[in-house]
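If you're matching them up, the sequences are chains Y and D in order. Just so you know, the UniProt record's numbering puts 243 at position 243 of the first sequence, and the rest follows in order with no gaps. Just so you know, the UniProt record's numbering puts 226 at position 226 of the second sequence, and the rest follows in order with no gaps.
Please keep in mind that the hints were generated in silico from the structure rather than gathered at the bench. Heads up, a few of these hints could be off.
[Claimed, not checked] Selected chain D positions facing chain Y (in silico; Cβ < 10 Å):
no., residue
1, V108
2, L112
3, M135
[To be verified] Taking CB as the label site, the calculated pair distances span:
no., chain 1, residue 1, chain 2, residue 2, range
4, Y, R211, D, S87, 55 to 61 Å
5, Y, D235, D, Q36, 47 to 53 Å
6, Y, D259, D, R85, 47 to 53 Å
7, D, S50, Y, E233, 28 to 34 Å
8, D, S125, Y, D60, 35 to 41 Å
9, D, A103, Y, Q229, 44 to 50 Å
10, Y, G232, D, L30, 29 to 35 Å
11, Y, P115, D, L30, 48 to 54 Å
12, D, A252, Y, E61, 39 to 45 Å
13, Y, A28, D, T268, 49 to 55 Å
14, D, V263, Y, A45, 41 to 47 Å
15, D, V263, Y, E210, 36 to 42 Å
[Claimed, not checked] Here are some chain Y residues the structure puts well away from chain D; computed CB gaps all over 12 Å:
no., residue
16, E42
17, Q66
18, G212
19, I213
20, V238
21, D263
22, R264
23, D301
24, Q323
Yeah, the Cβ is synthetic: ideal placement off N, Cα and C, and Gly gets one too.
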Amino acid sequence: MLTTSPLRHAALAATLGLAFAGSAAQAADRTLLNASYDVSRELFADLNPQFVEQWQNDHDETVEIQMSHAGSSTQARAILQGLDADVVTFNQVTDVNVLAEQGGLIPEDWQSRLPNQSSPWYSTMAFLVREGNPHNIQSWSDLVGSDVSLIFPNPKTSGNGRYTYLAAWAATQQNNDGDEQATRDYMRQLLRNVEVFDTGGRGATNTFVERGIGDVLITFESEANGIVQQYGEDDYDVIVPPVDIMAEFPVTWVDENLDSDADRALAKAYLEFLYSEPAQRTLAENYYRVNDENVSEEFADRFPQTDMLRVNDVFGSWDNVMQTHFASGGTLDQLQRR
Amino acid sequence: MRRIGDAPATRAILITLATLLTTLFLVVPLASIFYQAFAEGLAPFWHNLSDQYTRQAIMLTLLIALVTVPVNLVFGVFLAWLVTRFSFPGRRLLQTFIDIPFAVSPVVAGLLYLLLYGRTGWLGSLLSEADVQLMFAWPGMVLVTIFVTCPFVARELIPLMQAQGSADEEAAVTLGAGGWTLFRRVTLPKIRWALVYGVILTNARAIGEYGAVAMVSGTIRGETVTLPLQVELLYQDYNTVGAFTSAALLAAIAVVTLVVKGVLEWHTQRRGKRHA
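Pulled out of the complex, with its shape left as it was, chain Y reads as follows:
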């Protein structure tokens, strides 16, 4: 019956090889799963090897950092449903809050566990304009000209788009001394000038760059500079308006997914590493703003001065923002009604 034909052995080995190729690749002593937002891939590709090396030197253990990237709301949902992420590195405070409020996976005061409200780096919104800035776009008020067409992702589905909406609102509100009706009129015109509403930041980038639609792409400063690096400095200019909003990038470890003290220590060390000088330098090289004084000074010429408003100061809390502006029938919906 059981003839030991070499061919059969080879076939069996191949089959098993396929099945276990995935797990065999991880010879590391420890693994850490980082659930992140979708445009952070290049960033963590730069950061992770540094941490792996540092951990290897300090603890004589090999660590494999696994990355999962998707929109941060998608990620929060997945973690609630059982994605076994050890740490989250998001671009939306609300999406981390969800883990506490809906899942009880982290404590409510997670923001006080790490410096700068658990945001190791931050960014702001920038305008990417085509070469020479033909429409002379310098500030938010320049975006509502009748011949200016805008590209930014839909604030309903994208954190990136939400920041653009809030930055425009906050800057205008400051400009006209809090006259809400004037702000609403401005916002209405701004939204009318949007040529394409993509669902996410990368989609908007593709629309602007690959399809060549629109005069201005509004996106994170880091993303705008990334595009310039990628597609050539001669084709685009990056403009940071004088009044802007602070976009935080909150991180935290997911308590419920960490089973042992050793895992907790690793997760915490990973996040603390993001605040260290080498990591902050890498972040600045990727055009993210950081709090480390040495690094900030070193890269000062990359980051134009701007009056950066905080969402919490202008709008109260994120919960409030979501309720009044982005919920169904909220201000955004009202403004888009014709």
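Dock chain D against chain Y, hints included.
Just chain D now, kept in the frame of chain Y:
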């Protein structure tokens, strides 16, 4: 009497139109995938193909197909045999149920599994207590793929077996054939080609499935990313050549599937003629 389309001019126009549309909608996009993949030469293509994450995506995709196809082969044959060779109450209802995976959008299928087996789901909370990770890991991806592809084999077999009737089987039973012999010696030879065809379709869909798999994947690079997911990730990474390399791989599988399918159809037709 003249029928529409008999006039040489009409014929020419219709044929040109059909050829043009087929080329425009099917052939050109397919060809452009390969063109884009090789746009920067052979070296970047190989470089992208040998990328660790792409390799792991290929492995995972093959693993999913490797589990899905045998499971659905057995399931499909069993089901088709049941509904065509036996008569029992609820038979028609069962036949309708087989089509659920076709009727339901794959995204919804993924969502249903997530709600059932996820951390907060009915069965998921039990599983997570037992420390079993089903969703956001490869077993969950296999599970939804099995769901999405389970009608293919049965759908191929049922019409054929219904047309063939059960006379041969009845004869075999009167001659004293047992269940297994009956299946192996009488039923199987008659449905062989339809079975192979069903397997090809199952395999093609298992490899190409996106929606359901994306819902339960968690997109952990090198762990739960299949080839179709890898295409999207690479595209969003601005790695156009990489995305099209993976896409070309999927397209190549599709082309092979079509060729094998064509050969099989040709083969069955020829056999049919010889028997007639």
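Outcome of the hint check:
Hint on V108 of chain D is violated. Least Cβ distance to chain Y is approximately 15 Å, over the 10 Å limit. For L112 of chain D, the interface hint is violated, since its Cβ never comes within 10 Å of a Cβ in chain Y; the closest pair sits about 12 Å apart. The beta carbon of M135 of chain D is positioned within 10 Å of a beta carbon in chain Y (closest approach about 5 Å), and the interface hint is therefore held. Checking the proposed 55 to 61 Å range against R211 of chain Y and S87 of chain D shows it holds: the Cβ atoms sit about 59 Å from each other.
Roughly 21 Å separates the CB atoms of D235 of chain Y and Q36 of chain D, a value that falls outside the hinted 47 to 53 Å. Judged by the Cβ atoms, the range 47 to 53 Å given for D259 of chain Y and R85 of chain D holds: they are separated by roughly 51 Å. Judged by the Cβ atoms, the range 28 to 34 Å given for S50 of chain D and E233 of chain Y holds: they are separated by roughly 31 Å. In this structure the hint that S125 of chain D and D60 of chain Y lie 35 to 41 Å apart at CB holds, the actual value being about 38 Å.
Taking 44 to 50 Å as the suggested C-beta distance range, the pair A103 of chain D and Q229 of chain Y conforms, at roughly 47 Å. Checked against the given bound of 29 to 35 Å, the beta carbons of G232 of chain Y and L30 of chain D, roughly 31 Å apart, stay inside it. Checking the proposed 48 to 54 Å range against P115 of chain Y and L30 of chain D shows it holds: the Cβ atoms sit about 53 Å from each other. Between A252 of chain D and E61 of chain Y the beta carbon distance is about 41 Å. The supplied range of 39 to 45 Å therefore holds.
Separation of A28 of chain Y from T268 of chain D is about 51 Å and conforms to the stated range, judged on CB atoms against 49 to 55 Å. The hinted window of 41 to 47 Å between V263 of chain D and A45 of chain Y holds, with their beta carbons roughly 44 Å apart. At about 39 Å, the beta-carbon gap between V263 of chain D and E210 of chain Y stays in the expected band of 36 to 42 Å. Against chain D, the non-interface label of E42 of chain Y is violated: not every CB pair exceeds 12 Å, the least being about 8 Å.
Once the 12 Å rule is applied to beta carbons, Q66 of chain Y is inconsistent with being away from chain D; the minimum gap is 5 Å. Against the 12 Å criterion, G212 of chain Y stays outside the reach of chain D, whose nearest CB is about 16 Å from its own CB. Distance to chain D confirms I213 of chain Y as a non-interface residue, since its nearest Cβ pair spans about 17 Å, more than 12 Å. V238 of chain Y, annotated as away from the interface, keeps every beta carbon of chain D farther than 12 Å; the closest lies near 17 Å.
With a cut of 12 Å on Cβ distances, D263 of chain Y stays outside the contact zone with chain D, its closest approach being about 14 Å. The non-interface label for R264 of chain Y is consistent with chain D: the shortest C-beta to C-beta separation is roughly 18 Å, beyond 12 Å. For D301 of chain Y, the non-interface assignment is confirmed: its Cβ lies about 26 Å from the closest Cβ of chain D, beyond the 12 Å cut-off. For Q323 of chain Y, the requirement that its beta carbon stay farther than 12 Å from each beta carbon of chain D is met, with the minimum near 24 Å.
Checked against the numbered hints above, the structure violates hints 1, 2, 5, 16 and 17; every other hint is satisfied.
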